[in-house]
Amino acid sequence: MIRSDVLRDIAPVIRDHLVVCNIGLPSQELHLLDDQPTNFYMLGTMGLSSSIGLGLALAQNKKVISIDGDGSVLTNFGTLPTIANNVADNYILLIIDNGSYGSTGDQPTYAGKKTSLAAVASACGCETVIECQASETREVLEKALASDKMTIIVCKCESGNIKVPVITMDPVVIRDRFMKAVKA
Amino acid sequence: MSIHTKIVDDLVANDISFVTTVPCKQLAGVIDEIEARPEIFHIPANKEDEGMGLCAGAFMGGKRPAIIMQNTAIGVTINTLATLTQFYRMPLPMLISYRGELREPVACQVEMAVHTKALLNQLNIPTYHFHRESDANELDAILKYTFMCNKPVAILTDASFWGGYGDQ
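Chains as they are written, first to last, in the working numbering: chain X, 1 to 184; chain S, 1 to 168.
Note that these hints are calculated values from the structure, not bench results. All C-beta atoms, glycine included, are put in the ideal place defined by N, C-alpha and C. Any given hint could be a false lead.
[Said to hold, decoys possible] Pulled a few chain S residues facing chain X out of the computed Cβ check, cut under 10 Å:
hint : residue
1    : G53
2    : G62
3    : K63
4    : L119
5    : G163
If we strip away everything but chain X, and leave its shape as in the complex, we get (with noise of 0.2 Å):
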C-alpha cells in the first residue's frame, strides 16, 4: 500500500473529525479523495501539520487528526517533545512513513533508514506510540480514536505517488470554511 491507498482506507473515519493535513502531495490527494470542510490543507510550510494540529487540539475540545510525513516530522523534530509535554487527549498524530520525500520525487528520508520515528517519539515522552503496518491503520486510527488518549501513529507503507492535481482553493477559504467547520 502507498500513501494514496492508506488515505482511500481511512477518509470514512477521519471524514467526522478536524483534519490537519500535510503540505503537498498528502493534501492533495486527500484533496481529491474526500474533500470535507472539516480538512485544513496546508498549501505551503513543511513540517507544521503536527504543530498546527496540537495547537487547534489545545485550544478546542473536538478530535483533530494530524496527518504528517516521515519527512515532514523530521523537518520539525522540536515537535515530538512539546506534543509529549502539552498532553491532549483528543490529538492523534498520524505519520504516513513511507521512508521517502514523496512530494520532490522520493527521495529516500532517514526514516526509511536507522532512524525509528516511534522510538524517537517514545523517547522524547509521548505515551502512546503504535507503528503499524499500512493495511492495519484503519483499525488502529478508529481504536486510538476511541481511546480518547493522545496517540501517535507510525503507518510503515511504501513509496509511490498517484497523479492528482494541486489545490486550487484560496487559502483564505479554506481556512475560513475550516473555521467555520470547527464552530460547527
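Here the structure of chain X is known, so what remains is to put chain S in place on it, guided by the hints.
For chain S alone, kept in the frame of chain X given last:
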C-alpha cells in the same frame, strides 16, 4: 507596576489566551509573568516556526494567540510567516526582543540586528520599535490593530526599553 506585568495585562485585556515562547534573557521577566497567569495557556516551543504553527492552530480553534521570541527568529521564520500566517491571513502579535541594539554586549547579535527591520519591511509586516519604557503605552492599540487586520505584527523591544542589559 512592573513593565512585565503591564505587558501581560495588555495581552490578557485583549483576550490573548495562548502564548508560545522561545526564550531570550531580555524576555525572561515577561515569560515568567505569562507562566504565572491562569488566563494564559503558555506553551514553550523549541523553534519559532514550530511556535507559529501552534499559534495558527490555536487561532483556528478560536483562541487569540501571540508569540514571544528573539529577533534572530525572523531569520528562522520567514517561510512560515509568508506561507502560513500571511497566506492564510492569520493575526499574530510577535513580541520580539531586539538584540544587537545599543547596550548590546554580544557582537554576534548585531549581525542579525542589522537585518531585522529590513526583513520585516520586505515582508510588509507592520513593525513597532519600543525604545523607551513609555513606548509600551501603545501595546494595547497595537494588539487591537493586529486582530483588526489579521496580519502578523512585530513589536521590537530593545535593551534600552528593558532598562539596560542586566549586569553587563
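Quiz item: For which of the previously enumerated hints does the structure constitute a violation, in increasing order of number?
Solution: 4 and 5
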